[in-house]
Amino acid sequence: MTQVTPALGIDARRALAELLMSVADDEFVLGFWDSEWTGIAPMLEEDVATSSIAQDEIGHARALYELLAELTDDDADRIAFGREAGAFRHAALLNHARGDWAFSVARRYLYESADAVRLSALVRSSHAPLAALAAKMQREETYHRMHADAWLRRLADGSQVGRDRLAGSVKCLWPDAQQIFAPLAGEETLLRDGVLPEPMLALHARWQSEVTPVLESIVGELPAAPPTGDGRRRRTDDFMWLHTEFTAVAGSEVGATW
Amino acid sequence: MVNAPAIDAREECIWSELAQIPDPEIPAISLVDLGVIGDVRFEADRLTVELLPTFIGCPAIAVMQQQIIERLGLLGVADSIEVKVSFDPPWTSERITPTGRKRLRLSGFAPPVMAEIEGLDELAVLPVAECPFCGSRSTTLENPFGPTLCRAIYHCATCRQPFEQFKRV
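Each protein sequence line maps, in turn, to chains A and B.
In terms of my numbering, the first sequence opens at residue 1 and continues consecutively.
In terms of my numbering, the second sequence opens at residue 1001 and continues consecutively.
Please keep in mind that the hints were generated in silico from the structure rather than gathered at the bench.
Just so you know, not all the hints are guaranteed correct.
[Claimed, not checked] Listed next, with one range per pair, are the computed distances between beta-carbon atoms:
hint, chain 1, residue 1, chain 2, residue 2, range
1, A, D75, B, T1140, 42 to 52 Å
2, A, P213, B, R1046, 54 to 64 Å
3, A, R235, B, A1044, 30 to 40 Å
4, B, C1134, A, S252, 34 to 44 Å
5, B, L1075, A, D47, 42 to 52 Å
6, A, D75, B, Q1020, 53 to 63 Å
[Claimed, not checked] Straight-line alpha carbon distances no greater than 20 Å define the calculated EDC-like cross-link-like pairs of lysine to aspartate or glutamate that follow:
hint, chain 1, residue 1, chain 2, residue 2
7, B, K1102, B, E1025
8, B, K1084, A, E221
9, B, K1084, A, D77
10, A, K171, A, E187
11, B, K1084, A, E66
12, B, K1084, B, E1130
13, B, K1084, A, D149
14, A, K171, A, E221
15, B, K1102, B, E1082
16, B, K1084, B, E1142
17, B, K1084, A, D238
18, B, K1084, B, E1050
19, A, K171, A, E210
20, B, K1102, B, E1050
21, B, K1102, B, E1070
22, B, K1084, B, D1039
23, A, K171, A, E70
24, B, K1084, A, D73
The C-beta atom is built at its ideal place from N, Cα and C for all residues, glycine as well.
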């Protein structure tokens, strides 16, 4: 249970908690948005696919919340369902409601490509439990990326309506997608200890160099949009609504078990 | 070291019991043949079993933990049993035993493609799987996402049956 935590000082633990929470909250919130497609996706295969992907993401969040709970002597369910909306640390990309199918495809593509870059760093983390979990996540996320890539191409190469909707969604989400790489509180500590093997800004640059040519060939020129300090602290009415939804059951009888 | 043979015997007994516990989602295959048991370890009379989930979000993890504790508890060889979920090493489809692959096939699931047989890049999803009903390789991937996290859906052009493949991961 505690094989790693005692070695870390208070600052290191706080910084690690911030990192774990940022990744976990991204996966958790996106999982909830995607689960909204269950039953109403454009076709049966996508009902199954989006439900399965959403289940994966929430599973990843659960495993990360477990690591966080061990570190902070807390409870994973409480972290997931017992926090105020303002305590969440997901990137601004996940603040938007589900939107239409093209919007979800655009967000999926932006998220999966960024998450892949982030995971490629986390598998080298000096925090062994995180590195192991990231390696396992990476294998599952491969399927998500294939799905996102396939749908991006399908909409981009399809009808004008689909292409326009996709382009509009990419442009709308582009600035907020950068915030996946927003600087973390305590990032210097994470870098010093090798918990985070590369700075967020370096990961951001690598992600941009991968996705910008792909997206610009579909939507035209994209503006420069650097990550900002508040990129994981902004909240919207859409998220407030989702937060009320996903905490409703846990909140109806606090501490209940079954 | 004088206790070593006794400990070995206990571990052997645990492994053979685990080999009798069916996977909750595909009962034709046991937890051992599925490769989800990482390690079995005694510290004095406290037993720790390491469980390596096939998929991180697999909802059957809690069921497996409970079944392991119940079944091993009946053996009466340990004072306490802990089933610890671990991702180190990660479960991969290569962990399914040859018996497990055979059992999957017999119950209508195509086993995951083996990397060394196909010589593919790691994690490539194949458009083709071998039909568990007629053995044809004239099959197409309908959906890499199936009824559970670990299953993909294919269609066989030869016997015209839809079938599921245990996903390569």
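Please work out if B:K1102 and B:E1070 have their alpha carbons no farther apart than 20 Å.
-> The hint is violated at about 27 Å.
B:R1046 and A:P213 - C-beta distance against the hinted 54 to 64 Å | holds, 56 Å
Hint consistency between B:K1084 and A:E221 [alpha-carbon to alpha-carbon, up to 20 Å] = violated, 50 Å
Does A:D149 lie within 20 Å of B:K1084 when you go C-alpha to C-alpha?
-> With a Cα-Cα distance of about 36 Å, the restraint between B:K1084 and A:D149 is violated, given a limit of 20 Å.
Restraint status (C-alpha distance of B:K1084 to B:E1050 at most 20 Å) = holds, 5 Å
If you draw a straight line from the CA of B:K1084 to the CA of A:E66, is it 20 Å or shorter?
-> Judged against 20 Å, a Cα distance of about 12 Å means the pair holds.
Could you check the hint for me, namely that A:D75 and B:Q1020 are 53 to 63 Å apart, CB to CB?
-> violated, 34 Å
Under the criterion that the straight-line Cα-Cα distance not exceed 20 Å, is the pair B:K1102, B:E1050 satisfied?
-> The hint is violated at about 24 Å.
Would the pair B:K1084 and A:D77 pass a check requiring their Cα atoms to be no farther apart than 20 Å?
-> Satisfied, since the Cα-Cα distance of roughly 18 Å is no more than 20 Å.
Given the hint that B:K1084 pairs with A:D73, does the C-alpha gap stay at or below 20 Å?
-> Holds, at roughly 18 Å.
Compare the distance between the alpha carbons of A:K171 and A:E187 with 20 Å, and conclude whether the hinted pair is satisfied.
-> Answer violated: A:K171 to A:E187 is near 29 Å, above 20 Å.
Is B:K1084 close enough to B:D1039, meaning Cα to Cα at most 20 Å?
-> Answer holds: B:K1084 to B:D1039 is near 10 Å, not above 20 Å.
Hint compliance for this structure: hints 3, 4, 6, 8, 10, 12, 13, 15, 16, 17, 20, 21 and 23 are not met, and every other hint is.
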